[in-house]
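K.L.:
Put together the whole structure using the sequences plus the hints.
Taken in sequence, the protein lines are chains P and A. Mapping of the first sequence onto the numbering used here: residues 63 to 394, in sequence order. Mapping of the second sequence onto the numbering used here: residues 63 to 394, in sequence order.
This list has only true hints and no planted wrong ones.
Identical chains share a label here; the pair holds if one copy fits it or two copies do between them.
Keeping only pairs whose Cα atoms sit at most 20 Å apart, straight-line, the calculated SDA-like set for lysine to any residue is:
{"hint": "1", "residue 1": "Lys83", "residue 2": "Glu70"}
{"hint": "2", "residue 1": "Lys83", "residue 2": "Pro99"}
{"hint": "3", "residue 1": "Lys83", "residue 2": "His311"}
{"hint": "4", "residue 1": "Lys83", "residue 2": "Arg347"}
{"hint": "5", "residue 1": "Lys123", "residue 2": "Ala176"}
{"hint": "6", "residue 1": "Lys83", "residue 2": "Arg294"}
{"hint": "7", "residue 1": "Lys83", "residue 2": "Glu277"}
{"hint": "8", "residue 1": "Lys83", "residue 2": "Gly68"}
{"hint": "9", "residue 1": "Lys83", "residue 2": "Pro312"}
{"hint": "10", "residue 1": "Lys83", "residue 2": "Met297"}
{"hint": "11", "residue 1": "Lys83", "residue 2": "Gly71"}
{"hint": "12", "residue 1": "Lys123", "residue 2": "Gly107"}
{"hint": "13", "residue 1": "Lys83", "residue 2": "Phe318"}
{"hint": "14", "residue 1": "Lys83", "residue 2": "Thr276"}
{"hint": "15", "residue 1": "Lys83", "residue 2": "Ala310"}
{"hint": "16", "residue 1": "Lys83", "residue 2": "Arg73"}
{"hint": "17", "residue 1": "Lys83", "residue 2": "Asp308"}
{"hint": "18", "residue 1": "Lys83", "residue 2": "Ser278"}
{"hint": "19", "residue 1": "Lys83", "residue 2": "Leu309"}
{"hint": "20", "residue 1": "Lys83", "residue 2": "Pro295"}
Honestly, the hints are just simulated from the structure, not real lab data.
Protein chains: 2
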Amino acid sequence: MALESGGEGVRVEARLVPFPKSLSPEARQYLARSVTPDGVPLTLGGAPLAHDDLAGWAAAKAAVGAMMLQMMAPAGAGLKSSVETLDLGGALVHVATPQGGGDYRAYIDIHGGALVHGAGEPCRIGAGMAADRHGVRCYGVDYRVPPEHPYPAALDDCVGAYRAVLERHAPENIIVGGSSAGGNLAAALVLRARDEGLPLPAALVLMTPELDLTESGDSFQTNRMFDIMLPRPLMDTNLLYAGGHDLAHPYLSPLFGDFSKGFPPTFLQAGTRDLFLSNTVRMHRALRRAAIPVELHVFEGMPHAGFMGAPEDLELAAEVNRFVADSWGRGA
Amino acid sequence: MALESGGEGVRVEARLVPFPKSLSPEARQYLARSVTPDGVPLTLGGAPLAHDDLAGWAAAKAAVGAMMLQMMAPAGAGLKSSVETLDLGGALVHVATPQGGGDYRAYIDIHGGALVHGAGEPCRIGAGMAADRHGVRCYGVDYRVPPEHPYPAALDDCVGAYRAVLERHAPENIIVGGSSAGGNLAAALVLRARDEGLPLPAALVLMTPELDLTESGDSFQTNRMFDIMLPRPLMDTNLLYAGGHDLAHPYLSPLFGDFSKGFPPTFLQAGTRDLFLSNTVRMHRALRRAAIPVELHVFEGMPHAGFMGAPEDLELAAEVNRFVADSWGRGA
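P.N.:
Below you can see the structure in the form of structure tokens.
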């Protein structure tokens, strides 16, 4: 678009942007530990891998997977649910059954990891954690990932798993949730299931969701470096995932879906320092415009994926638990 | 607080941060017009005035008032309400009566302007605009401002006006609203009225509110320069307003109030580029913790005070109108 006059943006000076004192000590210490003394996020990696470097991607996935497992270790060690791994609807699914055996309700958990990472053990433990947390059977979809399996493999797996869960549970007793890349797939799963004539789940939980693979939102620029977990955009992995498909298609970027055709009540969360803040608030507006019930929760100073156990994270978890508990049985 | 290790913040490089393409053309053009070709916000002023420079403040108020009137001119020219100016409860109040005469309902409008600007004609026109918009009688409080009248003069005027409006309207038929500094005074008015044993209004509308004069929130740092309307913090006018009182007292910084003692259902709005984004999301959390009904609306790329008539502003206005219309008669 041609701008009639003025400037194309705002010029900012080089500076150290301090972590805010408005956070809990635990949150501030997490942020402090996440950067060098010079203020460089430790997650800032080097040059991206070539898309055909299969050995390189395998090594990267192993390293990220080990890091995820380390972060999950405290929760994973105390898991109370039992988890079995099944082929459901053509997809690998970790089915976690809570103590007492579960009931008619189902939570479908789509794991995160930039649409590349997080398969296998982190996904399995995440399913158990979700079953413990919500006290219902949880289906953790261990979807296929690139470079071996680009789009639409992951979404095919999610939709296949949803079809299988629909054979076991009524749609009003199913809630779908995902964080980050899992939020992308959770929302895309709902859009595609709807387009294929399947019933909608009772509710959707989208935590700091990667809803726009075109990265057109403002926070992809404004929160660069401020987000110590995602200090820069992820276009390279987005292109790896898309495998030549249109990044702007609603099945790849659910933000651009038509929600007026139906969408479940949705819980949306992001942080003010979150690279995906714009994704989240734009989705909130899109759902409001379509008159879909939606909650927006934005946390002060929070980066992508939270503060790893600070009081703010517990407050957020309590909001999610309340939303999930209140959503069972909602007509879709 | 001593940080155990790591860094005190994040280092960012000098760069031009572009205005996002995710906005409407009208919004982008407003942003483009608001900066120099080099990317410097036109609102970026020079050194602050000395607090005892009465002539300087008078000139500044005249200049800002003229600018506010220019922005309001399209709406002001078409005003349908009639406005009379009264002394109510010791305060100067512009009472706007909508076409048809109004009814049992009242909207109290507290104007913005950094707690210094916006008195007189902008306040009077704003009251008429609010009466037109909501179709009810509107009381625009023309509170006293510094340097001649520091805290608590403005809040005294707001509380006095609220007492007077309570003699004319039942509390469940009163809604209080304010933008920016007006959001500060609207929330402080409610806290003080409650502490003085007065009944609560039916609802509160806080638009990009200046709820924390200590400026402890993250967005006072992260959104510096990104917010073309408020490209830097306002501590100098905060100190002028406070006149030596504690900036952290809840009557000066309502964010630090105790909401568990009662607070009305509240509408909160900010933009992702808003200097007051942290004020807004922190208030949302504080009200959620106290189980107060609250709505949070965060708009993509929006600076303080919006885009001056873009489609995004109309969408926001429709949300406010809906919230106000649904709030009449709520038990407080």
